[in-house]
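Novice: Those protein sequence lines, which keep their order, are chains C and Z. For the first sequence, my numbering assigns the number 1 to the initial residue and increments by one for each residue that follows. For the second sequence, my numbering assigns the number 1 to the initial residue and increments by one for each residue that follows.
Just so you know, the hints here were simulated from the structure itself, not pulled from any lab data. All C-beta atoms in this analysis are idealised placements derived from N, C-alpha and C, irrespective of residue type, glycine included. It is possible that part of the hints are untrue.
What the hints assert, rightly or not - Straight-line C-alpha distance at most 16 angstroms; calculated EDC-like pairs for lysine to aspartate or glutamate: (1) Z:K8 <-> C:E48; (2) C:K132 <-> Z:D203; (3) Z:K267 <-> Z:E82; (4) C:K132 <-> Z:D191; (5) Z:K43 <-> Z:E145; (6) Z:K43 <-> Z:D203.
Said to hold, decoys possible - Label-pair restraints from in silico Cβ distances: (7) C:A116 <-> Z:L14: 14 to 24 angstroms; (8) C:H119 <-> Z:A263: 17 to 27 angstroms; (9) Z:L25 <-> C:K132: 21 to 31 angstroms; (10) C:I127 <-> Z:I72: 56 to 66 angstroms; (11) Z:K74 <-> C:I127: 17 to 27 angstroms; (12) Z:K74 <-> C:I87: 22 to 32 angstroms; (13) C:I90 <-> Z:F69: 50 to 60 angstroms; (14) C:Y113 <-> Z:P51: 44 to 54 angstroms; (15) C:R4 <-> Z:V11: 19 to 29 angstroms; (16) Z:V9 <-> C:V112: 43 to 53 angstroms.
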Amino acid sequence: MKYRYAIIAFVLAFIIQGTLLNTIGIFHTTPNLILCLALSLAFLYEDEYGGVILGVIFGLFTDICYAQYVGIASLGYLLLCIGATLIKEILNKENIASILIVTAVGTFLYNVYYWAVMHLFGSSYGILFVLKQQPVAIAYNLAVVFIIYRVLIKRVVKYHYDRYYK
Amino acid sequence: MNWIREHKVPVIVLSVALVLLVLILISFIRGGTFFPFSGAVQKAVSVAENPVAVASDTVSSAAKGIFRFNAIVKENEKLKKEVSELKNQVNSLTLKKYEQQELEELSNVLNYQAVADGKKVVSGNVTSLDGSNWYNIFTIDIGTEKGIYKDAIVVDGSGLIGRVSDTGNGWSKVTALIDDSGKVSFQVFRDPALMGILKGNEDGALSGFMFDGSAAVIEGDVLVTSGIGIYPQGIEIGKVNSVVYNKDTQLKTVTVKPVVDFAGIRKVSVLI
């Protein structure tokens, strides 16, 4: 993927995340577009670190603009993208189930990691409060990643429905 | 050196992770964000997000108008009733005006100054909300150019929202009351002698305790700020949801539903 397209996608995701998405949230929950983009790029593209780099940079922007402390989201995206890069070696990326499983597990781990760090720093929220939101948050992220996958898979793997490569 | 060259990617990843860890720690120690370019980033993001925020707000209001017509008609009826009740209240308050004048004269004689006295109010729009799904931190489109400073108090038409946690030219970051690790001193509106302390709880609401274990606080009581600490006196915080007396600690604990709907905030006022 060309970096300029990836940057545009991340900028749009960042702007929409803080504004438009909050007006259509269900149960006060919205999809995490930066996480979805970073995870998809890290999982689908071979030998490219665009997803990781942009995930870290836009994670930093998210921390600066919305979070109490700088670096938490950025470090979370870094760990998540590295995890996705490692796990793609054993999963078939042409099968949509692979990326959906990675997204579901990734969303859950990221949110628990975020809660754990904030809890360490004195946040009063309980783990149950966070866990209750996970089904909706995961469902939202799966829907977003499904769309991203449908757009990107044609570029990543040509003729991906053809099982017999020459 | 050869080992580093052979393991370039893991070394870079570890170095970035280490830098981010240090950033988190420094940010925590300094009590908030400190990133060198945070002001410039916030300003740029605020400028970029403002038109999108206005557009999405307009679309959202229009959509609500279409799909919630019946609800809006009912709300209109309810508001008419409220206006009528408020007119009656104005009439009775006019009678108390003379009483207030007397008290003001007395306060001048005693050289008394309330915490909220002399505070100006500036209003702004919410440009963006926190991307995480449970924290309530948001950015507004006014900042130091309007005289806003760190820890300035933020309210809306309903009551207390929180405080400014960071500010710059054209933007301010607001941390909601339920996210703040700090505590708020309150008094019961019905009987200001009943006082206590509140803070955010693990369910995303507020809970706290009464100073006096035998205080006659009841469910439905409205709580307002007491004026002790950074919050001026008399700002509505919320309504008491439940009251429990703990025999072991001899404390009467209260859980409170905040009066402000944090997810629906669009306009705020800052006391400066």
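Novice: Hints first: check each against the structure and report whether it holds.
Specialist: Tested hints:
1. The straight-line distance between the Cα atoms of K8 (chain Z) and E48 (chain C) is roughly 14 angstroms, inside the 16 angstroms bound, and the hint therefore holds.
2. A distance of roughly 10 angstroms separates the Cα atoms of K132 (chain C) and D203 (chain Z); the hinted pair therefore holds under the 16 angstroms criterion.
3. Note on K267 (chain Z) and E82 (chain Z): the hinted pairing is violated, with a Cα-Cα distance of about 22 angstroms set against a maximum of 16 angstroms.
4. Only pairs whose Cα atoms come within 16 angstroms are accepted, and K132 (chain C) paired with D191 (chain Z) is rejected, the gap being roughly 37 angstroms.
5. As the CA atoms of K43 (chain Z) and E145 (chain Z) are separated by approximately 12 angstroms, the hinted pair is consistent with the 16 angstroms bound.
6. Pair hint K43 (chain Z) plus D203 (chain Z) does not hold up; C-alpha atoms about 33 angstroms apart against a cutoff of 16 angstroms.
7. Range check, A116 (chain C) to L14 (chain Z): about 21 angstroms between beta-carbon atoms, so the 14 to 24 angstroms window is met.
8. Checked against the hint of 17 to 27 angstroms, the C-beta distance between H119 (chain C) and A263 (chain Z) comes to roughly 22 angstroms, which is consistent with it.
9. Checking the proposed 21 to 31 angstroms range against L25 (chain Z) and K132 (chain C) shows it holds: the Cβ atoms sit about 30 angstroms from each other.
10. A hinted range of 56 to 66 angstroms for the beta carbons of I127 (chain C) and I72 (chain Z) is inconsistent with their spacing of about 39 angstroms.
11. Checking the proposed 17 to 27 angstroms range against K74 (chain Z) and I127 (chain C) shows it is violated: the Cβ atoms sit about 39 angstroms from each other.
12. With their beta carbons about 52 angstroms apart, K74 (chain Z) and I87 (chain C) fall outside the hinted range of 22 to 32 angstroms.
13. The hinted range of 50 to 60 angstroms is satisfied by I90 (chain C) and F69 (chain Z), whose Cβ atoms lie roughly 54 angstroms apart.
14. As the Cβ distance of Y113 (chain C) to P51 (chain Z) is approximately 33 angstroms, the hint placing it in 44 to 54 angstroms is violated.
15. In this structure, R4 (chain C) and V11 (chain Z) meet the distance hint of 19 to 29 angstroms, their C-beta atoms being roughly 28 angstroms apart.
16. For V9 (chain Z) and V112 (chain C), the Cβ-Cβ distance of about 26 angstroms falls outside the hinted range of 43 to 53 angstroms, so the restraint is violated.
In summary, the structure is inconsistent with hints 3, 4, 6, 10, 11, 12, 14 and 16 from the numbered list given earlier, while agreeing with the others.
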